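J.: Position chain F relative to chain D; hints supplied.
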Amino acid sequence: GQQVMQIPQYQHVQEGEDFTTYCNSSTTLSNIQWYKQRPGGHPVFLIQLVKSGEVKKQKRLTFQFGEAKKNSSLHITATQTTDVGTYFCAGLRAQKLVFGQGTRLTINP
Amino acid sequence: EPEVTQTPSHQVTQMGQEVILRCVPISNHLYFYWYRQILGQKVEFLVSFYNNEISEKSEIFDDQFSVERPDGSNFTLKIRSTKLEDSAMYFCASSEAWQDGYTFGSGTRLTVV
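Heads up: the protein sequence lines correspond to chains D and F, in order.
Per this note's numbering, the first sequence runs over residues 1 to 109.
Per this note's numbering, the second sequence runs over residues 1 to 113.
Chain D with its partners taken away, still in its complex shape (with noise of 0.2 Å):
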């Protein structure tokens, strides 16, 4: 079946360091979305991208869709003690939405 794997599993940074997360398709996707779930939370959806290649932002997080479809990356500059928590991809396929397992971020202040 659809797989989509996400690395790092753990990222452990200091605040203002920058920090990324890569996701990986095993089949070609409709579009690949990004949510971001806070310890105890639910997840949030951050964003989707849907074009070959597509590269958007949110503040200090940007987002980018491979040009086959196929990966994604999450990048935020200069991190904040806000931004723990565990992000995960997303790859739409039909109208089967599949997680990846997560990065979990946690930041020393």
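Keep in mind that the hints were calculated from the coordinates and are not lab data.
All values derive from a computational prediction rather than experimental measurement.
You can trust all of the hints, since none of them are fake.
30 Å max Cα-Cα, derived BS3-like pairs, lysine-lysine:
1. F:K42 x D:K51
2. F:K57 x F:K83
3. F:K42 x F:K83
4. D:K36 x F:K78
5. D:K51 x D:K96
6. F:K57 x F:K42
7. D:K56 x D:K70
8. D:K96 x F:K78
9. F:K83 x D:K96
10. F:K42 x F:K78
11. F:K42 x D:K57
12. D:K36 x D:K51
13. D:K59 x F:K42
14. F:K78 x F:K57
15. D:K96 x F:K42
16. D:K56 x F:K42
17. D:K36 x F:K57
18. D:K96 x D:K59
Label-pair distances were calculated between CB atoms; the ranges are:
19. F:Q41 x D:T27: 16 to 24 Å
20. F:E18 x D:A78: 44 to 52 Å
21. F:L30 x D:V44: 17 to 25 Å
22. F:L84 x D:V44: 28 to 36 Å
We put the beta carbon where it would ideally sit given N, CA and C, even for glycine.
T.: Same frame as chain D, now just chain F:
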């Protein structure tokens, strides 16, 4: 900001018992989903539902599971005979169109003892 509402927030049940988890999706959304997350692990797809029918389901969604939209607002997940390994957080989600981002509810933590 519209919300997806889930009840109860926590359910404890004996192994073998039936449970019904309830969700009220956002009113103008047409697509509904159930996911589950075992503590600290990935968010696993269970089922998607549109136009009063299941659109997609995963291997996890076997004959013990069923979904229903009994009226115009509720969307329920029933587990007929719970097992210990069904213990997880169950999230309901909805979206306006199938390709849109999902809005998740706060989840129901199911504990099977």
